[in-house]
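Peer 1: Protein sequences appear in the order of chains U and W.
Heads up: the first sequence begins at 2 in the working numbering, then just goes up one per residue.
Heads up: the second sequence begins at 51 in the working numbering, then just goes up one per residue.
Certain hints may be false.
The following label-pair restraints were derived from C-beta to C-beta distances [as the list claims (entries may be wrong)]: (1) U:Glu350 - W:Val417: 31 to 39 Å; (2) U:Glu15 - W:Asp415: 49 to 57 Å; (3) W:Thr473 - U:Asp312: 37 to 45 Å; (4) U:Asp312 - W:Gly339: 39 to 47 Å; (5) W:Ile385 - U:Arg67: 39 to 47 Å; (6) U:Arg138 - W:Ser438: 30 to 38 Å; (7) W:Gln392 - U:Glu350: 35 to 43 Å; (8) U:Arg67 - W:Leu265: 18 to 26 Å; (9) W:Gly273 - U:Arg67: 36 to 44 Å; (10) W:Cys478 - U:Glu202: 57 to 65 Å; (11) U:Asp396 - W:Thr473: 43 to 51 Å; (12) W:Gln118 - U:Asp349: 53 to 61 Å.
For the record, the hints were derived by calculation from the structure and aren't laboratory data.
Positions of the beta carbon are idealized from the N, C-alpha and C atoms, including for glycine.
So you can see what is in the structure, the chains are spelled out below.
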Amino acid sequence: MSTATLPDDPQLRERFSELKPALAPQAAVIEADRCLYCFDAPCTAACPTHIDVPGFIKRIASGNLRGSALRILDANILGSSCARVCPVEVLCEGACVLHRQNRKPIQIALLQRHAMDAFQSSGELLLAAPTASRKLRVACVGGGPASLACAAELCRRGAQATIIERRPLPGGLNTYGVAEYKLRATDSLREVEMIRSMGVEFRFGVAIDSAAAVSALESEFDSIFLGVGLGAMQRLGIPGEDSKGVMNALELIAAYKVGHIREMHGTIVVVGAGNTAIDAANAARRLGAETVYLLYRRGRSDMSAFDFEYDHAKQEGVQFLWRRQPIAIRTGEYGRLLLDTVQVQQVDERLLPIPDSHFTIECDVVVPAIGQSPLAQLIQGLRGVGVREGRIVADLATGQTDNPRYFAAGDCVNGGREVVDAVAGGKRAALAMLKTAEVAHA
Amino acid sequence: MPDIRIRGFAGKIDSPNPFWLASAPPTNCGEQIMRAFDAGWGGAVWKTIGEPVTNVSSRYSATDWNGQRIMGFNNIELISDRRVEDNLREMAEVKKRYPQHVVIASLMVASNRESWHEIVVRAEDVGADGLELNFGCPHGMSERGMGSAVGQVPEYAQMITEWVKEKARTPVLVKLTPNISDIRTVARAAKRGGADGLSAINTINSITGIDLDTLVPRPIVDGKSSHGGYCGPAVKPIALNMVQQIMSDSDAALPLSGIGGIGNWRDAAEFILLGCGTVQVCTAVMHYGYRIVEDMAEGLDNWMRSKGFNTIEDFRGLSLPRVTEWKHLNLNYRIVARIDEQKCIGCELCHIACWDGAHQCIHLDRVTGPLNGHIELHPTPAIREAESRASIVETTVARNERESAVVGPYPTPLARIPRVDETECVGCNLCSLVCPVDQCITMVRVDTGLPPETWDERTRGAACPAQTQS
Chain U
2 MSTATLPDDP QLRERFSELK PALAPQAAVI EADRCLYCFD APCTAACPTH IDVPGFIKRI
62 ASGNLRGSAL RILDANILGS SCARVCPVEV LCEGACVLHR QNRKPIQIAL LQRHAMDAFQ
122 SSGELLLAAP TASRKLRVAC VGGGPASLAC AAELCRRGAQ ATIIERRPLP GGLNTYGVAE
182 YKLRATDSLR EVEMIRSMGV EFRFGVAIDS AAAVSALESE FDSIFLGVGL GAMQRLGIPG
242 EDSKGVMNAL ELIAAYKVGH IREMHGTIVV VGAGNTAIDA ANAARRLGAE TVYLLYRRGR
302 SDMSAFDFEY DHAKQEGVQF LWRRQPIAIR TGEYGRLLLD TVQVQQVDER LLPIPDSHFT
362 IECDVVVPAI GQSPLAQLIQ GLRGVGVREG RIVADLATGQ TDNPRYFAAG DCVNGGREVV
422 DAVAGGKRAA LAMLKTAEVA HA
Chain W
51 MPDIRIRGFA GKIDSPNPFW LASAPPTNCG EQIMRAFDAG WGGAVWKTIG EPVTNVSSRY
111 SATDWNGQRI MGFNNIELIS DRRVEDNLRE MAEVKKRYPQ HVVIASLMVA SNRESWHEIV
171 VRAEDVGADG LELNFGCPHG MSERGMGSAV GQVPEYAQMI TEWVKEKART PVLVKLTPNI
231 SDIRTVARAA KRGGADGLSA INTINSITGI DLDTLVPRPI VDGKSSHGGY CGPAVKPIAL
291 NMVQQIMSDS DAALPLSGIG GIGNWRDAAE FILLGCGTVQ VCTAVMHYGY RIVEDMAEGL
351 DNWMRSKGFN TIEDFRGLSL PRVTEWKHLN LNYRIVARID EQKCIGCELC HIACWDGAHQ
411 CIHLDRVTGP LNGHIELHPT PAIREAESRA SIVETTVARN ERESAVVGPY PTPLARIPRV
471 DETECVGCNL CSLVCPVDQC ITMVRVDTGL PPETWDERTR GAACPAQTQS
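Based on the sequences and whatever the hints tell you, model everything.
Peer 2: This is how it looks when you write it as structure tokens:
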């Protein structure tokens, strides 16, 4: 049995052609040879999962691609998707010492992808501990990167892991939420399939949303790992928000990635200025929308999107409307939307509307993208798991929550960071669970 | 205004510049050599003329290094596969069209007096400016009693040189093989035989590598291989050493045409500084074409200008007195490594090189400080690395990389800039060699307060040399 898959969609592939195509084999070797092979390398230290970057790069240079991939997977089981989605400019590649020589950093992400692609196309499966030895049983709630990393690490070290996912496909945001030109849903699923083959069990369409479900979980498993991510996207809190034609950024991204939306036309307004807002705006352009505005209540220097994401959006043809705030959504003639906005200025810490600066944008779709709300209700019902400011309180080193049977990592703990942070957290939690079990059995 | 012309090399060879093409594929025929002269080469040693051979395919293989093609080059090609009369007819044509350029006939014939007499006369009759006796070819020809089979036996080399000199009217150069334990023995033999000059070195016996799929060494000829002759940038240090050995030996030294890994003006200058009167190039031309000579001539000219040398003779051999036996080196001269914090990029290659490959005196303790006072104890590199990898890192929420500009006095965090323990540093140079940044690690002289003293001086007259002290 394999995990659920998506059909290949040539139109999607063409419209969302990869932002950074793979390196040709010889180009990879030449790039690998540029690596200085630093000792105690800053790139490794900058990676939350501490991938031995010079180690895997030198293996590419020597033609030991299998060894290179295993070196990566040893530290980061999602090495394939991380190679595509990591903001390496601010992580490993940002730490490359070559910057200090005014030289281009080593293209670590592309090299990592080169090794991982070779490994995946070889069809080799990763070894896990024999199933008979699996005494510790762990439920990983949520099928995203944190749970995948946790479950893989558990299986690798002789525990039994079951991933419980409410959606029909595994992978969490890797499958549903990352721009297709960075990571294809099919590639995410291929990676999950590798993890499944290590012996991780998957249950799809199962929501843990009642006290009874939690009790059942507790009676079936020794420990429970929470990798549930964040809650639904924040609402704008303005009149007309539930109009037909308003669709939040994650809904839009998930819909086009699984083929529910194949085209967009007219004028699209994305509200927000984070990386997800940019992904949604770019997607709208690539799906065919003629005009895409990105509306942000503050200025360019305040936006939380990475610089390179901002530059990318400009290249995609996204137009930015700065210091403008939505105040209402109305439905106009012919079913189009009328988005009422006002120019704002910052006075001290407050944003105040500028008189007579009202402006109505006639558009077809409004896409709120102002962040995800902290947490699903699930957590509130979990006995003894502490929550602060909408995040699960968990020990940084072990992921253990206030209830010692519960561990947690990923966005639900850190409030929304990178895939690689979730992987690191999931891995640390798995190791801690194994250690706890060892102590208990000793 | 420097003048890079050569006058009276090996007695009577004048050349527009010291740059000659070595006897090899780039000098296979007259058409090539005339194009080379047009490109700026001063001379060419014609691909060795003799009884035509049959070659195999393939013929070449190379050693790549760290992404660079042809660090070293290997061939199993033999001497010219063209008829003697064709080569000589074209040689006459070249000399007619390019009377100012140097054409040297490289020769290799069966080891008897008549054959050598005949070929010498024929080559000189068509206008060769000099003769180069190929006593060096290490593959194929040597199995037939020619090439390095001659060059490895001083008596044969002397004998054939004498035969040639019986007839030759132009300067005779003997090309030496490096595939011998002491190249001076044959150089001396050539000198005794009356040679007017030498060419060195020929290629070095080699197997460049093995195809790990088929398990056959390269170059592959129908599933088999044979040792070849190695050349290119990789052999330059070996060639320089042999050039120095020859030129420092009064029984061997003759006007020398330097060969071995020369690809640019710097290489050429180095061979000349060790006494060579001209230099010969092959591999670099096979890689990039005749055009490389432009920079060779310009670069040498500019360097001479900056150093105040007006002619090649002004600096030829100037480095020879700087080479001595080890026992004459000053034992009381001391240098230590200094790291320029402003230039350091924090790769820590010097640290690991010093710990694992040298004398454990470059440390990463600028922030933590020496652990144990005067006698320093340091964690080993492996412990350091393990600590680093046990740390918990999360990507920052503050995503504004615009503001993550460098702060502080150095571009690199102080914790990553290594420190040299100068009391322990032996001045070996290793760190400065591995450092990827120019002039970041320099070796600085420290005063030992002791007068110069060599090993020779220290042990002179000593009853028992200090080897036994260990």
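Peer 1: Each hint: holds or not?
Peer 2: Quick rundown of the hints versus the structure:
With their beta carbons about 37 Å apart, Glu350 of chain U and Val417 of chain W fall inside the hinted range of 31 to 39 Å. Our hint of 49 to 57 Å for Glu15 of chain U and Asp415 of chain W holds, since their Cβ atoms are close to 56 Å apart. Separation of Thr473 of chain W from Asp312 of chain U is about 51 Å and departs from the stated range, judged on CB atoms against 37 to 45 Å. Separated by about 41 Å at the C-beta atoms, Asp312 of chain U and Gly339 of chain W satisfy the suggested range of 39 to 47 Å.
The hinted window of 39 to 47 Å between Ile385 of chain W and Arg67 of chain U holds, with their beta carbons roughly 45 Å apart. A hinted range of 30 to 38 Å holds for the C-beta pair Arg138 of chain U and Ser438 of chain W, which are about 34 Å apart. At roughly 40 Å, the beta-carbon separation of Gln392 of chain W and Glu350 of chain U lies within the given 35 to 43 Å, and the hint holds. The hinted range of 18 to 26 Å is satisfied by Arg67 of chain U and Leu265 of chain W, whose Cβ atoms lie roughly 20 Å apart.
Look at Gly273 of chain W against Arg67 of chain U: about 28 Å separates their beta carbons, and that is not inside 36 to 44 Å. In this structure the hint that Cys478 of chain W and Glu202 of chain U lie 57 to 65 Å apart at CB holds, the actual value being about 58 Å. The hint said 43 to 51 Å for the Cβ distance between Asp396 of chain U and Thr473 of chain W, and at roughly 45 Å that hint holds. The hinted range of 53 to 61 Å is satisfied by Gln118 of chain W and Asp349 of chain U, whose Cβ atoms lie roughly 60 Å apart.
The structure fails to meet hints 3 and 9 from the earlier list, while all remaining hints are met.
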